[in-house]
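The listed protein sequences derive, respectively, from chains R and S.
Position one of the first sequence corresponds to residue 1 (the numbering used here), numbered consecutively onward.
Position one of the second sequence corresponds to residue 1 (the numbering used here), numbered consecutively onward.
Rather than coming from a laboratory, the hints here were simulated on the basis of the structure.
A virtual CB, placed ideally from N, CA and C, is assigned to each residue, including glycine.
Careful, some of the hints might be misleading.
Unchecked claim - Chain S side only, calculated, beta carbon under 10 Å to chain R, not exhaustive:
(1) PHE54
(2) THR57
(3) SER108
(4) SER112
(5) GLU232
(6) ARG236
(7) MET253
(8) LYS259
(9) LEU260
(10) PRO261
Said to hold, decoys possible - As a list, the in silico SDA-like pairs of lysine to any residue whose alpha-carbon atoms are at most 25 Å apart:
(11) R/LYS53 - S/GLU50
(12) R/LYS72 - S/HIS137
(13) S/LYS83 - R/VAL63
(14) S/LYS53 - R/VAL52
(15) S/LYS72 - R/ASN255
(16) R/LYS151 - R/GLY200
(17) S/LYS187 - S/VAL109
(18) S/LYS72 - R/ALA42
(19) R/LYS187 - R/TYR133
(20) S/LYS83 - R/TYR133
(21) R/LYS116 - R/MET253
(22) S/LYS53 - R/LYS116
(23) R/LYS53 - S/ASP49
(24) S/LYS53 - R/ILE93
(25) S/LYS217 - R/GLY250
(26) S/LYS217 - R/SER251
(27) S/LYS83 - R/MET253
(28) R/LYS53 - S/ILE93
(29) S/LYS53 - R/SER251
(30) R/LYS166 - S/SER69
(31) R/LYS107 - S/SER69
(32) S/LYS107 - R/TRP245
(33) R/LYS53 - S/SER69
(34) S/LYS166 - R/LEU68
(35) R/LYS155 - R/ALA199
As the list claims (entries may be wrong) - A short list of chain S residues far from chain R (calculated; beta carbon distances all over 12 Å):
(36) THR39
(37) TRP59
(38) VAL63
(39) MET87
(40) ARG89
There are 2 protein chains.
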Amino acid sequence: MGFIGILLLFSSFSLISLAFSHDNAHVLPRPLIHQYPETLIANRLNELDEEVKFQCTSWRFTVEANNLSPWKMIPRECVEYVKDYMMGRGYRIDFERVSNEAGVYAKSVQLSGDGKDAWIFDIDETLLSNLPYYQEHGYGSEIFDPVAFDKWVEKGMAPAIDPSLKLYEEVLGLGFKVFLLTGRSEKQRSVTVENLMNAGFRYWDKLILRAAEDHAKLATTYKSEKRNEMIEEGYRILGNSGDQWSDLLGSSMSNRSFKLPNPMYYIP
Amino acid sequence: MGFIGILLLFSSFSLISLAFSHDNAHVLPRPLIHQYPETLIANRLNELDEEVKFQCTSWRFTVEANNLSPWKMIPRECVEYVKDYMMGRGYRIDFERVSNEAGVYAKSVQLSGDGKDAWIFDIDETLLSNLPYYQEHGYGSEIFDPVAFDKWVEKGMAPAIDPSLKLYEEVLGLGFKVFLLTGRSEKQRSVTVENLMNAGFRYWDKLILRAAEDHAKLATTYKSEKRNEMIEEGYRILGNSGDQWSDLLGSSMSNRSFKLPNPMYYIP
């Protein structure tokens, strides 16, 4: 891993001794000695900060371009980075950029008028945000706890992600059929409907949840099968928005896919 | 575009007047007036710098996750950013990270021993680097000039990308069949072979270039057709390395694909 660099920086730290050993050759007046290590510490910490940011940005690229094998937790070194990204402007700006691209594309498509042009949306981290849950669970640095997460889902309190709500309304307005295709269980249908409605998602053509027989399947397989069914029913899948590559890849892929950012978890 | 923010920052700049108008309410002794705007200018420029970095990083994410419609030039605001990325550590670290992931995966695969396990490599910006050419052509900020680029290719001077050479040797050593699948023309076969050999790529099972009838095809179509042929010949495509999504998506997709970084150009 590229984090060896960071570890080396950490292990070779012992800041004070380093600062003083550097100064031993030149006997400086007292006040300067007191000032110098402080500046050095600040610089070193900045450097470390920059290095962590650099490595974690690189890691995030590897995630978003689907280059990693299935992973269960974010790197420990990147917890603060992911927190800053999710809570700061980074996530919002990236999300908006992808949603805007999707909107431009949606408007550019010539719909056939036969009611068979479809757009698929995933739900979690696509339409609805579970960030309030992940704030309480280390931003992806804890092993996923399905019981605790289901408890959160049962509350039906996940807020809308604004740029998705905007895209959703545009896509509906343009006359696309809207399919919601989620990894959530069929048992969570009513709370999901309630949550969607309360968050402002008030209309869809089909809400597809995992039936009992789908639970053992990989998301990629389950979602591909559901897209295959849409194609068999004569739909053309023109757009697909999801935060996981397993929302987008597989068979019966969409004409254009939109990968929304999510550095917190990975679903194969 | 998210660059509106940057434009606003630019247009609302008029730094000096801003600094002075801010000071008008408090009459300060002369030397302080001279110092204050300078600090302010420095801070503002830093801020602008940070903002450009922020927006261009976001743009790069959109590129690498394949969320943009075909684009012909990098955003003008990002020329310096892309230059810094390509010439600095960023590109190298990102490239190494993806190649390392590919290597870990390659070693984890159980080969069948029937000689039908294949790995595909693209050539340009995957095995060989055209960075010397793009350094002279604005790092993707100029419209692609096929005549000038072909002249560069004819020199046969493109250097190896080190992490790819390492992966290449690992993959060969593990017993994969190696297919090189490039958008270069069949006419460039001999110079391509020479360039590859000189750069250290000395063995492959098949080098596939565009024949006359392939020239009008999109890269995605051409590369999918070639992968289809491999599958028809009984190969299992287990790995695929490329810097363009058109190297990786389409039909007969690889079991695992590795998207190498390339913020300089896009091939549909």
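Results for each hint:
1. PHE54: Status holds, d = 7 Å.
2. THR57: holds (7 Å)
3. SER108: holds (8 Å)
4. SER112: violated (21 Å)
5. GLU232: violated (19 Å)
6. ARG236: At about 18 Å, which exceeds the 10 Å cut-off, the nearest Cβ of chain R leaves the hint on S/ARG236 violated.
7. MET253: With Cβ-Cβ at 8 Å, under 10 Å, it holds.
8. LYS259: This interface hint holds because 4 Å falls under the 10 Å limit.
9. LEU260: OK, holds: S/LEU260 within 10 Å of chain R, min 9 Å.
10. PRO261: holds (7 Å)
11. R/LYS53 - S/GLU50: holds (13 Å)
12. R/LYS72 - S/HIS137: violated (42 Å)
13. S/LYS83 - R/VAL63: OK: S/LYS83 and R/VAL63 at ~23 Å, within 25 Å.
14. S/LYS53 - R/VAL52: holds (16 Å)
15. S/LYS72 - R/ASN255: holds (20 Å)
16. R/LYS151 - R/GLY200: Distance ~22 Å between R/LYS151 and R/GLY200 Cα, so the pair holds.
17. S/LYS187 - S/VAL109: It is violated: about 36 Å lies between the C-alpha atoms, which goes past 25 Å.
18. S/LYS72 - R/ALA42: It is violated: about 43 Å lies between the C-alpha atoms, which goes past 25 Å.
19. R/LYS187 - R/TYR133: holds (20 Å)
20. S/LYS83 - R/TYR133: violated (39 Å)
21. R/LYS116 - R/MET253: holds (16 Å)
22. S/LYS53 - R/LYS116: Given that 25 Å is the threshold and the Cα spacing comes to 42 Å, the pair is violated.
23. R/LYS53 - S/ASP49: holds (16 Å)
24. S/LYS53 - R/ILE93: holds (13 Å)
25. S/LYS217 - R/GLY250: Holds - the C-alpha atoms of R/GLY250 and S/LYS217 are around 23 Å apart, at most 25 Å.
26. S/LYS217 - R/SER251: holds (22 Å)
27. S/LYS83 - R/MET253: violated (34 Å)
28. R/LYS53 - S/ILE93: Status holds; Cα separation ~13 Å.
29. S/LYS53 - R/SER251: violated (37 Å)
30. R/LYS166 - S/SER69: OK: R/LYS166 and S/SER69 at ~20 Å, within 25 Å.
31. R/LYS107 - S/SER69: holds (13 Å)
32. S/LYS107 - R/TRP245: holds (23 Å)
33. R/LYS53 - S/SER69: violated (29 Å)
34. S/LYS166 - R/LEU68: holds (19 Å)
35. R/LYS155 - R/ALA199: holds (13 Å)
36. THR39: Its Cβ never comes within 12 Å of chain R, the nearest being 18 Å, so this holds.
37. TRP59: violated (7 Å)
38. VAL63: About 9 Å separates S/VAL63 from the closest Cβ of chain R, which leaves it inside 12 Å; violated.
39. MET87: holds (15 Å)
40. ARG89: Non-interface label on S/ARG89 violated, nearest chain R Cβ at 7 Å vs cutoff 12 Å.
Checked against the numbered hints listed earlier, the structure breaks hints 4, 5, 6, 12, 17, 18, 20, 22, 27, 29, 33, 37, 38 and 40; every other hint is satisfied.
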